[in-house]
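Asks: As you go down the protein sequences, you meet chains A and B in turn. Oh and the first sequence: position 120 is 120 in my numbering, straight run, nothing missing. Oh and the second sequence: position 94 is 94 in my numbering, straight run, nothing missing.
It should be emphasised that the hints constitute simulated quantities derived from the structure, not laboratory data. Check before you lean on any hint, since a few could be wrong.
Identical chains blur together in the list; that is why a pair holds if it fits in one copy or across any two.
[Said to hold, decoys possible] List time: in silico EDC-like cross-link candidates among lysine to aspartate or glutamate, alpha-carbon distance up to 20 Å: (1) 212 - 122; (2) 320 - 244; (3) 29 - 122; (4) 138 - 58; (5) 64 - 137; (6) 135 - 226; (7) 4 - 137; (8) 261 - 65; (9) 322 - 262; (10) 135 - 58; (11) 135 - 151; (12) 63 - 137; (13) 183 - 265; (14) 308 - 122.
Number of protein chains: 2
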Amino acid sequence: MKNKNISSIGEVGLIGIIKNQFATSKNNKNIVVGIGDDCFCFRLGKNTICITKDMLIEGVHFKKDWITPQELGEKAIEVNISDIAAMGNVKPEYAFIGLGIPPITSKIFIRNLFKGFKAACDRHKMTIAGGDTVKSDKIIISVTIVGAGKDKIIKRNGAKTGDVIGVTNTFGDAGAGVALLYKYGTKHKYAKNERLLILKQNNPRARLSESKKISKHLTSLTDASDGLYVSVNLLTRDSNKGSDIYMDQIPVSKTLKKVFKETKEQLDFALFGAEDYELVFTVPETKARLIKKLVPQISYIGKINSSKKVRYFYNGKKQKIKCSGFKHF
Amino acid sequence: MKNKNISSIGEVGLIGIIKNQFATSKNNKNIVVGIGDDCFCFRLGKNTICITKDMLIEGVHFKKDWITPQELGEKAIEVNISDIAAMGNVKPEYAFIGLGIPPITSKIFIRNLFKGFKAACDRHKMTIAGGDTVKSDKIIISVTIVGAGKDKIIKRNGAKTGDVIGVTNTFGDAGAGVALLYKYGTKHKYAKNERLLILKQNNPRARLSESKKISKHLTSLTDASDGLYVSVNLLTRDSNKGSDIYMDQIPVSKTLKKVFKETKEQLDFALFGAEDYELVFTVPETKARLIKKLVPQISYIGKINSSKKVRYFYNGKKQKIKCSGFKHF
Numbered sequence: 001m002k003n004k005n006i007s008s009i010g011e012v013g014l015i016g017i018i019k020n021q022f023a024t025s026k027n028n029k030n031i032v033v034g035i036g037d038d039c040f041c042f043r044l045g046k047n048t049i050c051i052t053k054d055m056l057i058e059g060v061h062f063k064k065d066w067i068t069p070q071e072l073g074e075k076a077i078e079v080n081i082s083d084i085a086a087m088g089n090v091k092p093e094y095a096f097i098g099l100g101i102p103p104i105t106s107k108i109f110i111r112n113l114f115k116g117f118k119a120a121c122d123r124h125k126m127t128i129a130g131g132d133t134v135k136s137d138k139i140i141i142s143v144t145i146v147g148a149g150k151d152k153i154i155k156r157n158g159a160k161t162g163d164v165i166g167v168t169n170t171f172g173d174a175g176a177g178v179a180l181l182y183k184y185g186t187k188h189k190y191a192k193n194e195r196l197l198i199l200k201q202n203n204p205r206a207r208l209s210e211s212k213k214i215s216k217h218l219t220s221l222t223d224a225s226d227g228l229y230v231s232v233n234l235l236t237r238d239s240n241k242g243s244d245i246y247m248d249q250i251p252v253s254k255t256l257k258k259v260f261k262e263t264k265e266q267l268d269f270a271l272f273g274a275e276d277y278e279l280v281f282t283v284p285e286t287k288a289r290l291i292k293k294l295v296p297q298i299s300y301i302g303k304i305n306s307s308k309k310v311r312y313f314y315n316g317k318k319q320k321i322k323c324s325g326f327k328h329f
Numbered sequence: 001m002k003n004k005n006i007s008s009i010g011e012v013g014l015i016g017i018i019k020n021q022f023a024t025s026k027n028n029k030n031i032v033v034g035i036g037d038d039c040f041c042f043r044l045g046k047n048t049i050c051i052t053k054d055m056l057i058e059g060v061h062f063k064k065d066w067i068t069p070q071e072l073g074e075k076a077i078e079v080n081i082s083d084i085a086a087m088g089n090v091k092p093e094y095a096f097i098g099l100g101i102p103p104i105t106s107k108i109f110i111r112n113l114f115k116g117f118k119a120a121c122d123r124h125k126m127t128i129a130g131g132d133t134v135k136s137d138k139i140i141i142s143v144t145i146v147g148a149g150k151d152k153i154i155k156r157n158g159a160k161t162g163d164v165i166g167v168t169n170t171f172g173d174a175g176a177g178v179a180l181l182y183k184y185g186t187k188h189k190y191a192k193n194e195r196l197l198i199l200k201q202n203n204p205r206a207r208l209s210e211s212k213k214i215s216k217h218l219t220s221l222t223d224a225s226d227g228l229y230v231s232v233n234l235l236t237r238d239s240n241k242g243s244d245i246y247m248d249q250i251p252v253s254k255t256l257k258k259v260f261k262e263t264k265e266q267l268d269f270a271l272f273g274a275e276d277y278e279l280v281f282t283v284p285e286t287k288a289r290l291i292k293k294l295v296p297q298i299s300y301i302g303k304i305n306s307s308k309k310v311r312y313f314y315n316g317k318k319q320k321i322k323c324s325g326f327k328h329f
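Start from the sequences and build out the full structure, keeping to the hints where you can.
Replies: In structure tokens:
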């Protein structure tokens, strides 16, 4: 066996190694959702418990100059709640915060970071339950969130042929915001609309109430943390289906249109710019109108078929799409 | 407000900041144990759920040269299970593994690390439920373990005046093992007994079955991750009591006695050498014999009183003890 390193096998190769080691979930009848969805879920009495865990590392997932400590704290909680929202009507109950802190970190930074944790937890009526702090070279934020619910869990793999594909709001703002920061840095004097895009990058809000309203009607559900392109691919592939995406129906904000005037740019951010944290779901066509009544911001962007391919169309014409998404390793 | 940094306020100062931000647990009647015990525990239906989370960072908590990847994986799980064992008769059910991995990490390292995770989880009939992997400069292992039980949770704060203080086995081996590695490094040709001490450092085993056998009789319980001295202090202080510790009754292994011949050295490792992961508990004196029958390796090392001080005695003579324990920041 050749001993390759992780950067040469990539994230998919790494997940392959990990999955191979753990087929144990098949043997445990209490497990509702095992490795490979937005949360891990297990049954306990009449409840289903959903647990999600994410790690944010300074320099990899955030830069201290680009986001305030309070925004960072809120974001660390919201992105985890987004994974809970991606399971359906589940109430996030408890948050655990593991922190790696360089000893030179200022007291005020920590205080404001925790203000952020608390603000987000208060917003969702959650309790900060515990965690630990350790010394490290860079700031590491490892959040675990525990949610509970009695309703059916909506997995990523339930899409049926003929279902329509919906999204809860516009795409592209967060990706455009981070692109501006990469291009112009923090000293630049940004115009108002540009600042709005940066704010969207730094202040995501999990679509928890939307999920609660619509989830019982859905056949599949996920959240778009790595861009719409990745979410559509995962949902289609995990459901063992195909999908047609109508690019002219992908919703983008007025702000994005003002800052980036070309349609191609806007769609690139929408498809490949990560961190919008909107929900992506499928629903039988007969229920599409009802769902949109419940959450008017919803748009439909495509349809599930049995082709096992994801095809993209713009004004009815088939498009070639090249993925330029975020590579973790 | 002066903006001090974390190294100047220390870990206690840091925990102070964090605790101040979160008094929310008082308002949640489902919370059995909030921040500041070995686990966070909450009630759900007839069950109590216990959750613990620990982060191991390369260079801070382990060195790649000093431990094999499989040992490291097993240890990361065992130290978290030790926190579960410290709550009483709770079954660890699911493990979540968050990994930060430098891209140059070899595939074989990751594979063996996961072999270790799996070996420890299999030993305790647990399921690896999920987690995430991210890019980082150093290896970061963030483990969350979820346990469930129906019995009463044994907190750290229930010791009563007159209770005796017990420990599940010997102390000092793990601390002596790491001291040898610091002194002689990895190239040194170690004698057999020295190697045994290093093995104890690298291969801790959570006292889960011991806890299951004795916990219903106990008044307080914790595990000794940061040394016996720290555990006795926490247990005494949290119970708002005092304690007398009889140093001549602290159990140390034959191996430790062979490698470090002076009693003072042995007791220094026992009190201040961390990572023995034995349980430290209190029990009414009337039950002390019963408990020792259930777990014959148990020793009694002291007694709870109302003095609010922790006093140390050697052969009946009061001793001055100076803490030389591990400082996190």
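Asks: Run every hint past the structure and note whether it holds.
Replies: Checked hints:
In this homomeric assembly, residue 212 and residue 122 come within 20 Å of each other (Cα to Cα) only inside a single copy, at 18 Å, whereas the closest approach across copies is 37 Å. In this homomeric assembly, residue 320 and residue 244 come within 20 Å of each other (Cα to Cα) only inside a single copy, at 13 Å, whereas the closest approach across copies is 76 Å. Taking the closest pair of Cα atoms, residue 29 and residue 122 come within 20 Å of each other only across two copies (17 Å); inside a single copy the shortest separation is 34 Å, beyond that limit. Within a single copy, residue 138 and residue 58 get their C-alpha atoms as close as 6 Å, and across copies as close as 12 Å, so both meet the 20 Å cut-off.
For a Cα distance limit of 20 Å, the shortest separation of residue 64 from residue 137 qualifies both inside one copy, at 14 Å, and across copies, at 17 Å. Proximity of residue 135 and residue 226 under a CA criterion of 20 Å is satisfied inter-copy only: 15 Å between copies versus 29 Å inside one chain copy. Within a single copy, residue 4 and residue 137 get their C-alpha atoms only as close as 27 Å, which misses the 20 Å cut-off; across copies the closest is 18 Å, which meets it. Neither within a single protomer nor between protomers do residue 261 and residue 65 lie at most 20 Å apart by alpha-carbon distance, with minima of 28 Å and 54 Å respectively.
Taking the closest pair of Cα atoms, residue 322 and residue 262 come within 20 Å of each other only inside a single copy of the chain (18 Å); across copies the shortest separation is 70 Å, beyond that limit. In this assembly of identical chains, residue 135 and residue 58 lie within 20 Å of each other by CA distance both inside one copy and across copies; the values are 14 Å within and 11 Å between. Neither within a single protomer nor between protomers do residue 135 and residue 151 lie at most 20 Å apart by alpha-carbon distance, with minima of 40 Å and 35 Å respectively. Taking the shortest alpha-carbon separations for residue 63 and residue 137, both the intra-copy value of 14 Å and the inter-copy value of 15 Å come in at or below 20 Å.
Proximity of residue 183 and residue 265 under a CA criterion of 20 Å is satisfied intra-copy only: 15 Å inside one chain copy versus 59 Å between copies. In the homo-oligomer, the alpha carbons of residue 308 and residue 122 never lie at most 20 Å apart, since the shortest distance is 43 Å inside one protomer and 37 Å across protomers.
Hint compliance for this structure: hints 8, 11, 14 are broken, all remaining hints hold.
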